[in-house]
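Chemist: With the hints as a guide, bring the two chains together.
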Amino acid sequence: MAPLASAQPAPQAAKAGAAKAAASVVEATLKPPHHYVTAHMKAHALSMAQMRQQNQEAMAGWPIMPAPPLHGPALQRQRRLLRAWTPRKPPRVVHRAADAKAPIPLIDGVQPVLDRGRWFHALLEQLEGRYLPGRNTDFRWEGQMWYGTDINKFMVKSEGTWAKGVVDGGIQQFLYSRAISPYWDFQTGIRADLDSGPADIWGAVGVQGLSLYEFELQATGYFNATGVAARLEASYDILITKRLFLQPEVELNFYSQDNIKRGYGRGLSDIDGGLRLRYEFWRKFAPYIGVTYEGPVGHAAWLRRHYGKARRIDTGLGKNLRFTFGLRTWF
Amino acid sequence: MIEGRMLETGLQPLAFVSALKNPTPSSVLWRAVAATLVVCGAVLATTPAQGATDTGSHRMSHGQRRASLGASGFKVTGHGRHLLRTGGIKGPYLPDATRYDLTMPYRSPTVLDVTAQKFTLDGKTRVALLINGRMPAPLLRWREGDDVTITVNCHDDMPMPTSIHWHGLQDIPSNQDGTPGLSFAGIKPGESFTYHFKVPQAGTYWYHSQTGAEMARGMYGPIIVDPKGPSPYPKAQRDYVLVLSGWTDVIPRELISNVKMYDDYYDFDQRSFTTIPEEIKTEGGFWNALQSRLLWSRLRMTATDIADVTGEVYSYIINGIAHGSKAGADGWTGIFSKGERVRLHFVNAGGMSLFDVRIPGCAMTLIEADGRPIQPVTVDEFRIAPGETYVVDVTPPEERPYPVFIQPEDRSGYAIGSLTPRATWRAPVPPLDERPTRTLVDLGRLPPGERAPLPPVDDSALAEIDDPGPPPLNADNQYVAPHPTDRTDDPGDGLRHVPERRILNYTMLKARFPAPGQKPPTREIVLHLTGNLERYIWGFNSRKFSDSGPIKLKQGEVVRFKVINDTIMEQPLHLHGLWMQLENGQGPYRPLKHTIIVQPGAVARFVVQADNPGLWALQCQLIYRGLMGMFRAIEVK
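Quick note, the sequences are listed as chains A and B, same order.
If you read the first sequence in full-length UniProt numbering, its first letter stands for residue 1, the second for the next number, and so on.
If you read the second sequence in full-length UniProt numbering, its first letter stands for residue 1, the second for the next number, and so on.
Next up, chain B with everything else stripped away, as it sits in the complex (with noise of 0.2 Å):
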């Protein structure tokens, strides 16, 4: 039946790929019609393919997408090794075409349907919610500037209405978000619903589904958008997508309702008797470890609360693919020759990890961080946040299997890809580092005179500051940070000490080019984030959403957000439909980011300039706390 319906969209077979890989007379035939395509394409390429009025844009010709590509910076040499690689886990009846080839025109979907539906992952049958049966759903490659055309069918058999949030597409009409409530009433199942909006930005980004926990179950793909021009980024070679995330078998309504009962439920690594000589080591003899643990007990709260959900039920996974599985025993791979320039794709579609990101032995270029092009920056290590995307670069030095290595913050688990010159060469498992342990700074209680100040900001046309004060102690919020610090420097917990490595910290984003039009603000908003973990209620300024009206702003303005992050953990907040310009000292060359990691004790500062009119989510990327309450309108208008 689904086999069907996708035949009928047009999304089918992809042979000509699995013929590339196996050449037979067929696929020769296969390349002389390329051949042919892309002459076609070179003569079409003069007639404006986004001149097409709605539905027809997106179904261009093979050889309309080929000239858009040439065009588009990723211009192919024709020696067919251009692989782009996504997916993983396909419904039983669904055919292999995990491999996309940018050689050959690509085509995306143009209609995403949403089952709840069988899938296998380490060997097991699971059901998971799909989009046109994958995990993840496939790869949105357009082109900026193109009208975008997408129907969305909500099946029959979804337990409950669905939607598609185009998350990082920060321009887009407030009605196309696709945020239940705020921009639609969601799809029901057995209805539709039709997304048309242009195609704002170039840049990496995703898309998931909004309603409820759904995109835990499975329901997150790629998007790929080309740049209109020249690309602003050097040709690389080869290009891969790898889609971050986790699986548990372990269903949503379950895992609210363990965490609410007990917050610790699948924290299994809190300190106990047998850990005090290590303590008594870290923080510097059995004074002070007493003195922590009181601390600690006195404030309700664990040290070792790092994550929500931790790897005792998750398997993490890239592109769908578990490491040691059955199914993927050998994890994603990527092919390389050595020299070349391979560019990697990272999206954090995890639900609650914050994923560790390294390449041991090979340096990383980041070249985009959430879509928009920064100024490259070389390091080992970066942090990648539910939500984030960040794209790089590396050259292999060596002729040998490189892996890629993912841990999430608290260490629990790994997920690991292989950067191989053979397909048949793994690479070796790294140890995982420490497990980092929460101290004062995320308490946001170093002494004032310790703390570094908050570095200055231009507030030269500040008229006014809406600051509630310290949000109250009441049942949604357990503590608030005393002395909260900027801690854009800061890498992060648990990467902070290993100086053998180059690590990302947000003061290392420098954004390409100067936003256009960035003016001073004229107002800033405080913004408190707070929670009770040990009622796992969470919210901005100790209320949750559905006991908040919406932040106001007025179109055209630009506000700066102060926001500070009582709770002992990261929260990565994401804004719908407006640019966060993160302040971290660079200037007008600030980043623009959809989502930022605002780290546990700390304030940040973004500006945000309010033109897009409509009612917009500012929200916890961290799905379960988004849902439990730190989540909020902002309305433009």
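Next up, chain A with everything else stripped away, as it sits in the complex (with noise of 0.2 Å):
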């Protein structure tokens, strides 16, 4: 017994002892991650002397065990624990003490940024002719240019055809347009559909950006008497070489109702595609060719079958795809 005895410690001790390591061991498995995290708890009831006691007191009987190394989702379970214990905003912190939005005091009202500025800008996107051998062949722009500043500018869109001395799908936008997110412009305003046809006017609304994966995107409602219509163009660069680009390019317009003037039908009424190969020979000067598909689809194309030649409006039936050259450019 006596031997035994002596090379045991006490079992007090042994049980102190246990309850120390056990309590070391809590200490580095749950260590906070932070600094803070000290201050934090000084302000709660038990400070962290009081924990340790506690936790030593509940600890005292425990069997000694190394802790588990932790992976998978028990460590995901400590972290997200750990997450939940600090606490996100320490309590010294002021939000937007420093840095607040109250006016600067500019000697003469002088700027000395430029971050005002206004901004006028152009962009030709399709100024082309499209061509079948033996068939008609007609010249079409599609183009819109804004003045204003980085949030709020002034916008006009503009297309059509051109063929023969009559133009033909003209539609005119006079927008408004706000930035409202990184890449998202909320615009508003007026569509005119002019051309040698017969006129209608449209209230607008709708979003131009760059979506997710860098596809320009263009999505807008539009309304009057008649109906609705909705129109959606999309179109995406590939670069080929540094220079040398890859364009597909889609147009959908959707009408609520026939216009037999106007050659669209209800649903979807016409389709404008084009596969276009651009060279920048400089950014604002890029010439390109390429294939381009135009048609109406659906109703409107039986429409077009039965009225079209009546009211001397262009069916655009059997020269749906033709070759296209063009010039893409900006200022």
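Bear in mind the hints are in silico, worked out from the structure with no lab data behind them.
Accuracy of the hints is not assured; some may be wrong.
[As the list claims (entries may be wrong)] Pairwise CB distance ranges, derived in the manner of DEER restraints:
id, chain 1, residue 1, chain 2, residue 2, range
1, A, T241, B, P520, 52 to 58 Å
2, A, K242, B, K198, 30 to 36 Å
3, B, G585, A, P103, 45 to 51 Å
4, B, R502, A, R118, 48 to 54 Å
5, A, T149, B, P159, 20 to 26 Å
6, A, G117, B, R501, 37 to 43 Å
[To be verified] Below, computed lysine to aspartate or glutamate pairings styled on DMTMM-like, alpha-carbon distance capped at 20 Å:
id, chain 1, residue 1, chain 2, residue 2
7, A, K284, B, D249
8, A, K284, B, E312
9, A, K284, B, D263
10, B, K260, A, D237
Predicted, not measured: the structure shown is a model, and the values here were computed from it.
Just so you know, even glycine gets a beta-carbon here, dropped at the ideal spot from N, CA and C.
Modeler: The structure is reproduced here in structure tokens:
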């Protein structure tokens, strides 16, 4: 008995030692990652010392086991626990006290920077001839220009097709454009269907911007007394080389009702798509070649077949897929 | 007309320089005169020159200048070879006064005439805004503690008002700082403004226009301030100033308009179909390359966005000389003899380019960073951001020409000068390094386990943290780095994987002396550097300058700025008027800087002792980013 007793530490001492070791294991595994946790803990009813004491008492009779190495879900759980336990905002944080939105006393109102500039830009996305041997050839333009600040702009969008002295499919829009997010502009204004055919006026509301994966998108809804319409435009730039771009592009028009005079039908009315290969000699001078497809579909195609000739509206049939040569330019 | 005005100001001829180059009887006479002046100067040196009142003090006689030089540590031995050369581009009516000689009494101009003027670069005549008809503007050489009076005349032919900002003279009064709107109203065409201040400290600095983008049109020049007491540096036999920049004929408004419309306007080196094999190699497999492409595409940014304006339109120049051009076929030239210690003062006055500087075959010993002496550190290459200045000592080991090779970070061009034993010998052009690509580190997207923890800093006295939290995503900001890292030990994109060279990083900068009166900061201000590349809007905390108020500091307060770069590009932050003590792990020997590169996806921390009252600017020194909103006012009162 005696040698055994002398070899073993006193039970009380063993208990205390075990509790100490267990506490250190707990501390090691639950060590807060941030220095300010200490400050937070002080604010609690229990001090660190008191908690340690409690832990020791609670674990007094427990067997001593090494803490298992944490991995996988256990590690995640522990990190989650720590995150929950760690106060997100330490109490000494004052929000935006230094970086306030107060006016700066500028001398004579002189701005040291140019970040309030107004800019004018015009982009002629398509300035092209569409051509099919032995068939009709026509000339198409589509572009937009705007003037304004970084946030607020006045914008004009224009498109149309010119063939044999007749302008067809002319849609002119006068819009107020406002930047609402990093990549998206909200636009509202008027759309005027102005060309050689009968005129029409719509109200317009839409968005324009750069979507995930860098698709250029425009989606606009239109409304007037006769119904509603929508238009979706999308394009993408694929770099073949540093200056050679392949650009698929599509434009879809939807209407809620037929309009025989202007040659559109309810539902998806017409498609205008293209695959253009452009070379940017410099950014503002980029000629291209490509193929384009343009034509009415569904109900509109039926309408045009039946009424188009009588109304002297270009039926657009039989020449849908054409060679295209053009220039993309901006300034 | 200009000539007349310059004669009036006593700036003109420096005829003795050419006389020295081509010895004639008259030059012998000049030497005799100079020797006499040296003797007189030694006598005059006993009377303190800085005691003179206001405008008189800078008009010392040659002898006084000589005496002050002698006391400055730039004391010379008299064999006439201590050339200090600046300047290459001159207006057509100006004399060939590009060479300064330290054996001669130096004269700094006291009047700066700002004009829109024709000049010749690359054999073509262009129009620039020039100070005293030169680009870079003349070297201003002052002595620590001097009372300086400089009159800036803005001529009638200037298209807009102007201003001169003394970049790096941190301790001058706020109203002499030269920031329009914050210090004064600017100098309108036909008007003048007289700056008057006491030169606060020795070192290499520079000056430039702070109005609009005038700096990009040629309005910048170097400043060297000699110490009042003994020089902290060893004696150098030769001393050259190299002002690095780029010139483009594209006028700033058009340039901004171009990048506003299309942010990649000047980036013709993007990932394309033909670069896929290369990407597979660098990213380590097809799958990784695809993942990387998809990530960048999803984020609507490009991994090749290194610089807004590239060599596509920039001619990179050293002291106004472009390499390979008709006018400066030989580029900048510095002469050395074998075994000499040559001191090179580098100033990056380029508007939009971070330059990587190296002298292949010759190690450089950095002795001064941003005007403040540092403990010497020997490197083969260093990166210098716009606004920064470094002074390096080199001792070329062989009797052969060495290229001083300067390439912008995006490797879209280069500038080269020659350190050569003979004026006719030219150094070969080394190949350009590989162009870097932005990675997860630049996006601040390293997983938390893999990133280095922020090194500890002294926040014992920190009572308040001003943290606005992650900035909102709005029209002004397109991205927030989820896990920004500390990158002070990172030499920067494009320099990390060059094992054969020693490359400078910010942790190597250790101040020569602990800064006086360093106290632990009592407040921490968190600032996010944000921007929208797509719209070319830049700012702090998702707001550009005109939508924000001043950052208010109490006079005497010590504040830590924790700057988080949420953009994918380097932002060289410049603080006017107050030193930034960069926390780079050097404790009390942390370097004092006026311009700090904040790397993409990085956290940079610096302490500011707010002891200089007034309105100061905290800005991105990349000129168009500063102008498009990355600019804040700091109010100390």
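Chemist: Now tell me, hint by hint, if it's right for this structure.
Modeler: To see whether the hints hold, each was checked on the structure:
no.: 1; hint: T241(A) with P520(B): 52 to 58 Å; result: 56 Å, holds
no.: 2; hint: K242(A) with K198(B): 30 to 36 Å; result: 53 Å, violated
no.: 3; hint: G585(B) with P103(A): 45 to 51 Å; result: 39 Å, violated
no.: 4; hint: R502(B) with R118(A): 48 to 54 Å; result: 49 Å, holds
no.: 5; hint: T149(A) with P159(B): 20 to 26 Å; result: 23 Å, holds
no.: 6; hint: G117(A) with R501(B): 37 to 43 Å; result: 42 Å, holds
no.: 7; hint: K284(A) with D249(B); result: 17 Å, holds
no.: 8; hint: K284(A) with E312(B); result: 14 Å, holds
no.: 9; hint: K284(A) with D263(B); result: 13 Å, holds
no.: 10; hint: K260(B) with D237(A); result: 19 Å, holds
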